[in-house]
Structure formats: C-alpha cells, structure tokens
Amino acid sequence: MMKILVIVPAYNEERTIREVIRSVRAALPPTDILVVNDGSTDATGAIVREEGALILEHPYNMGIGATMQTGFLYALKNGYHVAVQIDGDGQHNPESLPSLIEPIIKGKTNLVIGSRYLSDGGFKSTLLRKLGIKFFTNLIWIFTSQRVTDPTSGFRSMDRKGIALFADEYPSDYPEVEALILAHKRGLRFQEIPTRMRHRQGGVTSIGFLSAIYYMVKVTLSISIGFFRGSR
Amino acid sequence: MNIRLTAIIGSSFLLLVIFELIRRKYLRERYALLWILSGILFLSLSIRTDILYWISNLLGFTVPSNALFFFSLLFLLLIILGLSVITSRLSEKNKVLTQKVVLLEKRVNDLEKSHGTTNHCNP
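Protein chains in written order, with the working numbering: chain P, 1 to 232; chain U, 1 to 123.
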C-alpha cells in the first residue's frame, strides 16, 4: 500500500480550507492531509484542527516556497511514497486527484502537473496571465525541451524522488516554474494531465501587475544563473 | 591645514566608535574587519595627504578630492554588498531553522498525545 500525503499550503484561508479538506477526503479516502499553515492570522489553524487533518504551523509568514518545502520535509521524514500539492483556496478541483496521482503510482513519471489549459479550455484568463504563461512555457521549453501548458500550476503530485529533491532544495518565492527546471536538471521526468480548475472561492489573487513582472524577472534571473551552477 | 585636522579627528573618531562597538559586542570582529580597514585607510590618508595626491595623479583625477569620493563610494558599495550576502545567508539559515522547529513541534505534540499528557504547546 502506497502512503500518500496531500499537502495543502494555507495562508489565511479560513473561508475555503474546510471545504478543501472535506473534498480531498471524499476524492481520495485513504490519504493523509497535511495543512501547512504559513502564519495565518485568521481561524485557518483552528478549522484544520476541527477537521482533524494533520497540521504544521509556521510561527510567521514564510512564503509559498518555504511552506511547500516544510510539507516535503514532513513527507520525506515520515516515509510517504507520493506527495500531492493542492492549494488551500479551493481553486483546484479535488475530483482530479485520482488522475493526478495515477501516473506516479504506476511509476510512469516522477512529477505530474495538473493543467488548466490541456482540457476543453474552460478556464478564462486575463491577457497578462496568458502572456506570463506563454513566457514561462517557452522558458521551460528552452531549458528542458518539454512543452508545459500550465507551468505556474500549483496542483501537482510527485514520487519519492521528487519529495527528496524538493525537501532538500526548493525555490523561495514563485517556486513552481523553477521547481520544474530543477527537477529536469536532477534527472526527474514530469508530465501534465488535464484538470479542471475553479476560479478562487475566497481570498484575492496573489499576483497583481507589478508582482507578475517581478515574477517573470525573478524566475528568469534565477534560472539563467542557476544554469551556471551545475549540480551539487 | 584645517581640513586635514578635521579629517584626522573624524577618522580617529570612526575608529574609536568601531573599537567601542566591538568591545561592547555590538559588532562581531568578523563583520568589523572591513570597517576597521576603512577607518585605518581614512586615518592614514588624512595624515599623509601626499599619498592621496600621488594616487589621484597616478589615476588621472583632476582634483584629489574626487579620488577620495570615488574610493569612499567603492568602499561603501563593497560593504553594502557584503551585508546583502550576510542577509541572504541569514535568511536561508533562519528558514531551515524554522522548518526544523515546526517539524519538532509537531513531533512533540504527537508524542504528548500518544502518552496522554496534557498539551501545552497549542494555543
């Protein structure tokens, strides 16, 4: 029996976290759910305890990169075979979970990305987001010669190799794109599967115009310099 | 002459402040090295102004004070860059430390629960 851990990074998600935990349980009954509470100032932690999910709590807000890495460290230390990442804001549909982990369980690949854009295109995007996605798709293609339609998706699953890599090294802010290139550099394989995503149920989008620019510049810089870093 | 005296007093004061900060352990020797060096450099340049004239002639500065400004600026940039490196390293270490504490806290909570003792850690 494979041990599966669903990691939910959460920062002030009191409006959505209960529903996320319940629907993950409904979609994948035998899994453990770990919420990594990244210094929320609202009732997120209390709700997670009420629901009886596993919880790790950062004493202050450390950002999504460190939050996911805390989850990977837990998965590594506790011997999980598969780790799944799903957002705490409810935008990822847990019904896609079984198909998200299927390639991992069958040992076909090391990392699976749930893509909003592979399927019937039911997800409406702003122009800026489309441009950003296209930019990152090309960037990843340059470095890995693989086409990823939804490179910033935080709906992912990975095997033990992926867990070990990311527990050891995970980018700090806006980690998704860099993580893929890092995985490729360390010889891990990844693939996409179509998933449906809802527009966020609560909270506001974490990416405004300036942040989007910073996102692209930061990731490009860090990837380009990382290219000269070699493997440790 | 007046300027020279001011410069000597000023750089002596800088060295004194650095010394006092290290003595009170507000500044670690390791990070103070660049500051001590800069203090000594300023002091020697104000005592032996001819060195400054010589350098500025050698490098082709029209006014010696420009050479002084140029090198001070370069020095400050180096110190600030060094500080950025230190900050980056500290924040990485801080992250690793916090993650370790978070994982340990969970283990302690789980252990306490399994031993039936009361839980002190959760608010």
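It is worth saying that the hints were derived from the structure and are not from the lab. Take these hints with a grain of salt, some might be off.
[Said to hold, decoys possible] DSS-like, lysine-lysine: derived pairs with alpha carbons at most 25 Å apart:
#1 U/25 to P/77
#2 P/77 to U/100
#3 U/106 to P/161
No experiment lies behind these values; they were computed from the predicted model shown.
(request) Output the numbers, in ascending order, of every earlier hint that fails for this structure. (result) 1
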